[in-house]
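Chemist: Here's the letter readout for the chains.
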Amino acid sequence: MKWGNDLSTFVEKFRQYLKPGYYDEFDYHWTMTIDLDRCTGCEACVVACQAENNLPIVGEKRYAQNREIKWIRIERYWEGEYPDVKMGFIPMLCQHCDAAPCEIACPVFATYHNQDGLNTQIYNRCIGTRTCAVYCPYEVRYFNWFTYTWDEPLEQQLNPDVTVREKGVMEKCTFCIQRIRLAKDNAKDDDRRRVRDGEVVPACVQSCPTEAMAFGDSNDPEAKVSKMMKDPRGYTVLEELNTTPSIVYLKKAHAES
Amino acid sequence: MSKISRRDLLQYIGAGGIGAVGGVLYSESIERDVELLIPQVVPPEDYSPGIATWYNTVCNQCSAGCGISVRIREGKAKKIEGNPVHPVSQGRLCARGQSGLNVLYNPDRIREPLTNAGQRGTGNFYPISWDEVLTTIGSRIGRLKIENNASRVRLLTGRVRGHLDELFAQFMGLLGSDHYQQYDFTYPSALKAANKISFGIDQLPYYDIKNADLLLSFGADYLGTWISPVHHSLAYGHMRQGRAGRRGKTVQVEPRMSLSGAAADEWVAARPGTEGLLALGIAHILVSDGHYNGSDRDQWSDVLQAYSPSAVSAETDISEGNIRQLAREFGTSKAALAIAGGATTAGTNAVASAVAVNALNHLAGNLGQPGGIIFNSDQAFSATPGTRQAGMQGILDLVEAMEAGEVDVLLVHDSNPIFSLPDGVGFRQALDKVPLIVALSSFRDETTEQADLILPTNTYLESWGDDVPDPGVGFPVASISQPVVTTLYDTLPVGDIMLSLVRQIGGELPMAMPWRTMEEFVKERWREEYEKRGSADQDFEAFWQAALEAGVWGQPGVMTGDQIVPSGASTIAAITNPASQFAGSETDYPLVLHPYLSASLLDGRGANLPWLQELPDPLTSVVYGSWAELNPATAEDLGIREGDVLEVETPAGSVSVPALIFPALRPGVVAMPIGQGHTAYGRYARNRGANPMDLVSMQIDDRSGDLAWAATRARVRNTGERLQIIKTDGVTRTLGRQILGPKNDHA
Chain A
-16 MKWGNDLSTF VEKFRQYLKP GYYDEFDYHW TMTIDLDRCT GCEACVVACQ AENNLPIVGE
44 KRYAQNREIK WIRIERYWEG EYPDVKMGFI PMLCQHCDAA PCEIACPVFA TYHNQDGLNT
104 QIYNRCIGTR TCAVYCPYEV RYFNWFTYTW DEPLEQQLNP DVTVREKGVM EKCTFCIQRI
164 RLAKDNAKDD DRRRVRDGEV VPACVQSCPT EAMAFGDSND PEAKVSKMMK DPRGYTVLEE
224 LNTTPSIVYL KKAHAES
Chain B
11 MSKISRRDLL QYIGAGGIGA VGGVLYSESI ERDVELLIPQ VVPPEDYSPG IATWYNTVCN
71 QCSAGCGISV RIREGKAKKI EGNPVHPVSQ GRLCARGQSG LNVLYNPDRI REPLTNAGQR
131 GTGNFYPISW DEVLTTIGSR IGRLKIENNA SRVRLLTGRV RGHLDELFAQ FMGLLGSDHY
191 QQYDFTYPSA LKAANKISFG IDQLPYYDIK NADLLLSFGA DYLGTWISPV HHSLAYGHMR
251 QGRAGRRGKT VQVEPRMSLS GAAADEWVAA RPGTEGLLAL GIAHILVSDG HYNGSDRDQW
311 SDVLQAYSPS AVSAETDISE GNIRQLAREF GTSKAALAIA GGATTAGTNA VASAVAVNAL
371 NHLAGNLGQP GGIIFNSDQA FSATPGTRQA GMQGILDLVE AMEAGEVDVL LVHDSNPIFS
431 LPDGVGFRQA LDKVPLIVAL SSFRDETTEQ ADLILPTNTY LESWGDDVPD PGVGFPVASI
491 SQPVVTTLYD TLPVGDIMLS LVRQIGGELP MAMPWRTMEE FVKERWREEY EKRGSADQDF
551 EAFWQAALEA GVWGQPGVMT GDQIVPSGAS TIAAITNPAS QFAGSETDYP LVLHPYLSAS
611 LLDGRGANLP WLQELPDPLT SVVYGSWAEL NPATAEDLGI REGDVLEVET PAGSVSVPAL
671 IFPALRPGVV AMPIGQGHTA YGRYARNRGA NPMDLVSMQI DDRSGDLAWA ATRARVRNTG
731 ERLQIIKTDG VTRTLGRQIL GPKNDHA
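Protein chains in written order, with the working numbering: chain A, -16 to 240; chain B, 11 to 757.
Keep in mind that the hints were calculated from the coordinates and are not lab data.
Incorrect hints may appear among the rest.
[As the list claims (entries may be wrong)] Pairwise CB distance ranges (calculated):
#1 A/238 to B/649: 36 to 42 angstroms
#2 A/129 to B/730: 32 to 38 angstroms
#3 B/727 to A/48: 29 to 35 angstroms
#4 A/174 to B/137: 55 to 61 angstroms
#5 B/538 to A/238: 48 to 54 angstroms
#6 A/43 to B/649: 27 to 33 angstroms
Note that CB positions come from ideal geometry on N, CA and C, so glycine has one too.
Excised from the complex, chain B in its bound form (with noise of 0.2 angstroms):
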C-alpha cells in the first residue's frame, strides 16, 4: 500500500463526502418521485431470495437432545435453529446448540485417517487409508478375540444414547468384553443415584419446572448448564410470564451466581457443601410447622429432628428467619419443586444432598403431579438412556485395568478424560501401558492426541443415528438424527466405522451384525419398534418419511398417565448430613474452590467454536480465557485487584489465572469456570486460560462413584503480574439511569 499521510487522507475523504452529496442531490433533482436511493441493504428489486431447504436433526452439543432444523442453502448449512415440533426444544435453541455449525465447518477438523507411525505422544500423525487403518484394527481386535482375550479390548465413549449405544453395546459383547463404558463428566450420576434411593427408579425424572408456583434450586443452574437448559427455559419464560396473574417465583441456592441465580428472584449463598443441610432444615420446618400431614408425619418428625433452624442456621450461614420464610413459602406453594444439581451434588456428600433435596419434594407432595417430579414410566424404545454412564468409579476401574496391563486395545469415542478429569486419575499415565488406543473423533483434543491411531467422525450434522431425551419430558419421544450436508471430508459416521470394523473382524459377527451402515441399522430398528406399538394404520415407508421430515415421534398426552407415587420410607430412611469433606485444611488453605460448567464452553467442549469462544461469558462478559473470581471483600483483604495474576493452588496443584472481582460470590470462595485451558483442540481452544480440573482433588463421592469436583480447599498467591482480562462491560451500574426500567414501580 502507498503512503498516504493523515492530512491526504482527510483531504480524500472530504472530497469523497461532497461526491456523495453531489450524488444523491443529482439523483434526486432528477427523480423526484423516488423516496431517496434505494439503499444495498435492502436488496434491489430484481433479486430474488434463493430458496432454503429445512432438515431436522438433533443437536449434540449437549446431552438435551434438543431437535434442530438446519437450513440448506446450496449444499451448504447456513442456519441451525430448533425444531419446532420437537417437545424439547419447541423451536427454540441455545447459544451452543445454534454453534453447531462451527462443529461441522470447523477448521480444525480431522479430515483422514491418521497415524502416529509409532510415536506416540509427539503430535506427529500421518495420514493412512481407511483400508490399511481397519484392517490393522480389526485383526488386532479378531486376533484377541480368537485367543478369548476380548476382554482386553475396552470401549469408553462420551453420552451415547439411542442405537449407536446399542450398536456399541452390541459390538462389545458379540466380541466377548463387557467393558464398554461411557463417561461424561456433566452427566447428574449422584442426582439418578439419589433417584434411585428416593424413587426405586434408575432414571432421571421430569422436573415440571412449566407449572411450578416456586422453584427452589440446590445449586442446579438449570437455565444455563443443567441436564435440559432450552426446555428449562421454555418452562422458565411460562412460569414467569405465561400464567395471567399467577407468577412463580425461584430461589436459588449456590455459593457464586450462576445464570439461574441472576434470574431468581432470592439468591442464598449458604456455605459451600451445606446446601443439602439447608435442605433438611426447610424439611424440618415442614413437618414441624404442619405444612406436611401425610400418614408417615412421625417418621419425618423423627428422622429430622437433628436439623433445627438454629442447628442448621449455624452450619450453612443463613440465617434462622430466612431458613423460616423459605420453608414458609416452600409450605404454602400450591406447586412447589426443588432441585439439584451443580456443586451441592459435586461434594463428598452428593447423594446426601440429593436425597435431602428429595425429601423436600416429598414433603411438597409434588410426586407425579403437574409442577413437580414426574417420572418417564413409557420410554420409547426399551434401551434405558444412561445406564452405562462409567461415573469416576468406573474410570478408575478402567485406569486400574490399564496400569496393570489388562488393556490391549482401548477405543476411545467423543470422550476427553484427559481434559475433563484431575490429573490425580492417572489417565494419561495409564494410557502408556496401553499397546495400542484408538480414537474415533472428529477432532484432535487431549485424548485422541494421545491415540496411536484417529478414525476421523463425521460430526452430528454428517450423521445417521436417533436419540432418546434423557430424562424424557413425560412422554414417549424419540428423535431421529440424520446428515443434513453431504460428507465434508474423507470422514466416516461413527456407526460405519464401527460395522466396517464388524466386517474386518469377521467370524459370527457379520452375521449377528449385518447391517452396512447406520442408516439402515437405525431403520431396522425403528420398524420393529413400529411393528411392536401396532400401529397397523399406515404401513412403515409412509410412517418412516413422515418421522423423517418431522425428525421426531412422539406420543403426547401419556403424561397424565400412571404415574409411580414412591413411598417417603427410602429417603426417610437414605437422610443422612456427613458434611462435605474438603481436600486440604483450612489453615493452609483457607478459601474454598468453586469450579463451575461454562454457560458457553460448558465441560470444555464448545472450546474449539470461535463464536462460544467470542460469546460473553454470560455474569461476567468475559470472552477469550480463564479468570478466578473473587468477592470484593475477600479481594480487599488480600490486596488483589482485577487483572493481578494469581497463583490459585490446592492439595493438588496450581494454575496461574487473572483475578476478576466479583460481586455476587460468597466471601472465602474463589471460583473458576471449568472449559479453557486445553493443550490441545485446535487453534481456538489450544493455549487459553487454565484448567480448574488441574486443581480438583481426587475425592469420590461414594454413594454415587461420582467425582466430587467442589470439595477443594485453595489459597491464592498474587504474583505481582499483571494481565488483561478481555471483556465487553464498561461501566456495570446503572448509576441511576433507569435503563432497566422507571424507578416508579407500575408492576
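One chain only, chain A, in its complex shape (with noise of 0.2 angstroms):
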C-alpha cells in the first residue's frame, strides 16, 4: 500500500471540506435557527431527545462525575445582581459545523461530514480516545463510560430506528439523521427529488412549545431557516473560532422604554 498518496488524498479532501460554500455544492445544507427571545429554557427539547435517541439514564452516582448524557442542554448564564439580575437560557446542541474542530482530531475517522453537510459519528469505528470531546469548544459530544442498561421494562420505549451505544464510544446530535432518512425515503417513494421544507423535524424542534426552532435547508433559499438566518438579531456562538456553525441562533430582544 502506498500511505503517503493516500493520505494525501485525505489531507485534499479534508482541505476542500474548508473551503467556504463546498456544502452548498450539495443537495442539502441542514440548519437549524433558535430564536433566544422565544426560548423558555423549559427543558421540553431536552427530554425529547432523550426519548427520540435513546439516551441512557446514567443514575445520580453517575451525574455527580459529570458523566451524564444529554445531546442537548440549556445553558444558563446570569447577568448582574440581585434586584437587577437576569437570567440567559440557550439550547446548545451539535453545531455541525462546517469547518468542525472534532473532525480533524480523530485518529480513526470516527466523525466525519457528510453530503448534507451533517457531522456525523460512526459508532463502530469509534475507539474511544476522546480527543474530538477535546477540542469541541461547544462541549457537546458525550463519552459512553459505560454501558448503561434501563430497569426492565423501561427498555421497551427505545427507539428501534436508533442504535443503542455501548461502553467507549463518543456520542452526540445527529439532527436526528433517523428522521431524515424517513422523509428521503418519503420523498423517493413519492418521486419527489426533494424533501420538503418542514418534511424533516428533529425531536428537539417537534417538541418546543414556543417553536423556538426551526430546522431545515439552508440552501433552499425559500426554506424558513433561510429566511430566519437573515434576522438581524442572528449570530452563531463563539463566531470567532471560524468553525462556521450550521445553527444560528437569534438574539434575545429587549423591550422598549
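Quick one: dock chain against chain with the hints and give me the complex.
Modeler: Here is the structure:
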C-alpha cells in the first residue's frame, strides 16, 4: 500500500471541506435556527431528545461525576446582581460545524462530515480516544464510560430506528438523522427529488412549546430557516473560532422603553 | 475480566487505531468512487424503517389536558408528542408530558392486586386475586348501603375530569354518600374563588396571553407550572416574536425568579405576601392618573384611596418610581393582562390578592377582549370541571370525620395527601381510625402504602376516558382518551374497577349503571352529547371514528361569541388588603420560607420518573435532590457556602438540605422546591432530598379554604456538614464570551 499517496488524498479532502461554500454544491445543508427571544429554558427539547435518541439514564452517582449524556442541554448564564439580575438561556447541541474541529481530531476518522452538512459519528469505528470531545469548543460530545442498562421494562420505550450505544463510544446530536432518512425515503417513494421544507423535524424542534426552533435546508432560499437566518438578531456561538456552525441563534430582544 | 495494565491497554488501542486507519485506506484504495465509508449512524441502504402508528389521547401529567400523539411500533409506545390538532397543545409538549413513557414502563408499577394481610403501614403487601379483592370491598360497601350507612364510605381522588368524574359522582350518589372529593395540590382554588367574587362565574377563564401586549404576572409561573404551561408557552412565543413589529412585554412579580421570571423583561421582587398590595398600588395610579375613565371611576377612586404609591412602596419594598412606571405601562398598553398564581395565591390573603389582580384587569378593560380574560361561556358537556375540588377545608373535614370514627371505607384514587399536605393536617394519623382503606393507584406512593387493599389501575396511556380542559380555550372542546398499548400487567382501568364494584354491590346500582366498561360509558355519553347538539348530517359512528382519530372534538369560532362583561361593582366591594399572616415571629424566624413547585417534578408526582429526576432544574441545573436557596447577601451574612448542609427550621418542623446560593432571590427569603422527599413511590423517588411541606405551618386562607403554603417563617442553621449538590452547570457567567449574542445590539 502506498501510504503517502492515500494520506495526501485525505488531506486534500479535508482541505476541500474547509473551503467556504463546499457543502452548498450538495443537495441539502441542514441548518437550525433557535430564537432566544422565544426560548424559555423549559427543557422540553431535552426530554424529547432523550426519548427519540435512546439516551441512557445514567443515575445519580454518574451524574455527580459529570458523566451525564444529554445531546441537547440548556446552558444558563446570569447577568448582573440582585435586584437587577437576569437569566439567559441558550439550548446547546452539536453545532454541526462546516469546519468542525472534532473531525480533524479523530485518529480513526470515526467522525466525519456527510454530504448534507451533518457532522456524524460512526459508532462502530470509534475507539474512544475522546480527542474529539477535547477539541469541541461547544462541549457537546458525550462519552459512554459504561454500558448503560434500563430497568426492566423501561427498555420497551427504546426507539427501534436508533442504535443503542455501548461502553467506549463517543456520541452526540445527529440532527435526528433517522428522521432525515425517513423524509428522504418518503420523498423518493413519492417520486420527488427533494424533501419539502418542514418535512424533516428533529425531536427537539418538534417538541418546542414556544416554537423557538426551526430546522431545514439552508440551500433552499425559500426555506423557513433561510429566512430566519437573515434576521438581524442572528449570530453564531463562538464565531471567532471560525467553526462555521450550522446553528444560527437569534439574540434575545429587549423591551422598549 | 482479565487484568490488563494501562500499558497493555494503550498498546491495544494503538494497534486498533492503526488497524482502523489501514481499513479505511484499504477500502479507499479499491473503491475510489465511494465517498468514504457508510457510517452506522446512517442506517444501511437495505434497512427499511418500520412503519409507526400514532394514536391520539390525552396527557395526564398535570391538569392542563394537553392532547397527545403516541408513536407506537410493534405494540410498544416509543414517543409522546403533542397532538397537532388539539387546541391546547397544538403539537407541542412539555418535559413532563413527554415523560409519560416513564409512567407506562415504570419498573415500580403495581402489577397485581395487593393486600397488606392486616398489617397496615408495614409496607408488606401480598398478591390477591381480583375476584377476592372486589368481593371483599363490594360486600363491605354493600352492607353499609343496606344499613343506610353509606355516608361512611368516602371517596378521595386527585384531579379527575370528564366522564370519569361523572362515573365517580354517580357511584357515590347511588350509594347514598355525598362524600366524593378531589384534592389536587396544584389546583388554583384561590384564583377560582376570587374569580367568582369578581366576575360571578364559578370557573377558570381563558387568559389570552397570545394577544396581550403587556403581561403582568403576580407569582404565576405560567411557563412552568401554572394551569396550562404548554398552551401559555405557545402564546408566549407568539406574543414575543409572532407579530411583526409588535413585541409583547412581560413583567413578573415574585420573590424567587421562576421560569417565567427568567423570561420576563422585568423581574420585581416585592416583599413576600405583599404582591396583592402592589396590584392595588398600580390600580390606584391607573385611576388617579386618568388611565381609567369608566362610569364607576369615583367608586374605584374611593376604594383605592388608601393604596397611594408611597404607602404601597413602604410595604412592598418596591420604589415609588417603579410602581408608577408599571402603572403607566399597564395603563397605556393596547392589551394589558394581569394574572395571579403561585405564592401570591398561597398566602393567608390569597383571595384578596387575586381579587386585587382582577381589579387591574377590570381597569384595563380587557374582559372579553382579545389579549384579556375570555370567559368560557359554552362548555362541552354540561359538567363543570373542578367543582369537586375539596380544597384544604374539605380535607380538614375529611380528617375530622375520620378522627371521629365516621369513616368505615376510604377509597383513594390518584391523590397523595400524605405527601403533599403538611403534617399538621393529621391525615396520616387519622387513617388509623379507618377500618378499611382502599387505594386505586398505579404506584405505591405514601398514601397507597397505608392502604389495606391496593387495586392496581392502568396508567392513562392504557385507559379509556375523556377530558374537558379546564380552563377551556374559549370555545367548546372535549378530548377522548384511548388506550395506546395493551395493558401491561394484571391491572384495570379505574373506570372499569368502579363498574365492577357496581356489580359486586348490587341492588339498584347495576340497573342505573349498566355499562360493562369505561369505553362503553364514554361512548354512550358522547352519543348523547352528539345528539343533543343536533348535528344530524353525519351518523354517530362515523363521527365517533373521526373523533377517535383526531383525539379531540371542538367548535372553534365561538370564542368571539357572547361574552359576559361583569361590572366592577363586586370587585370594588371585595377589595381589602389584610396582609398575609406568617406563622412564626420575625425574631425567632428571620427568614420567609418560599416553597415553589418544581418545574419538572411538579408537586412531587413526577419524582418517580427517571427522565425527570435527570432533568436539570431550569434555573439551578440541579438534578436528583433537594436544596435550599439563599440570596448571596443573606448567605454571606450567615456565613453559608454552597453545599453546606442547613437545618431549615419553622414552627412546623425542620429538614436538612444543602444550601445553594441563588442570585435571583430576595434577601431574607429561603426558597425550596417542592417535589422531592418521598418516603415511598418507587426506586427513583424514595429517600431522596426533603419535602418542604414538612416545614409548612397549617394555615388557611379563609375565603377559599385553601392551604396557605407560602405563609411560614423560617430560620436556618449551618450544621457544619457538607453535601455535594449534583448540578450540570459549570461557569454560570458568560465572562465576556458573547455566548448569548454579540454585545453590539442590532435588535
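Chemist: All the hints need checking, so say for each whether the structure fits it.
Modeler: Hint by hint, here is what the structure shows:
no., hint, in the structure
1, A/238 to B/649: 36 to 42 angstroms, "holds, 38 angstroms"
2, A/129 to B/730: 32 to 38 angstroms, "holds, 35 angstroms"
3, B/727 to A/48: 29 to 35 angstroms, "holds, 30 angstroms"
4, A/174 to B/137: 55 to 61 angstroms, "holds, 58 angstroms"
5, B/538 to A/238: 48 to 54 angstroms, "holds, 50 angstroms"
6, A/43 to B/649: 27 to 33 angstroms, "holds, 29 angstroms"
The earlier numbered hints are all upheld by this structure, with none contradicted.
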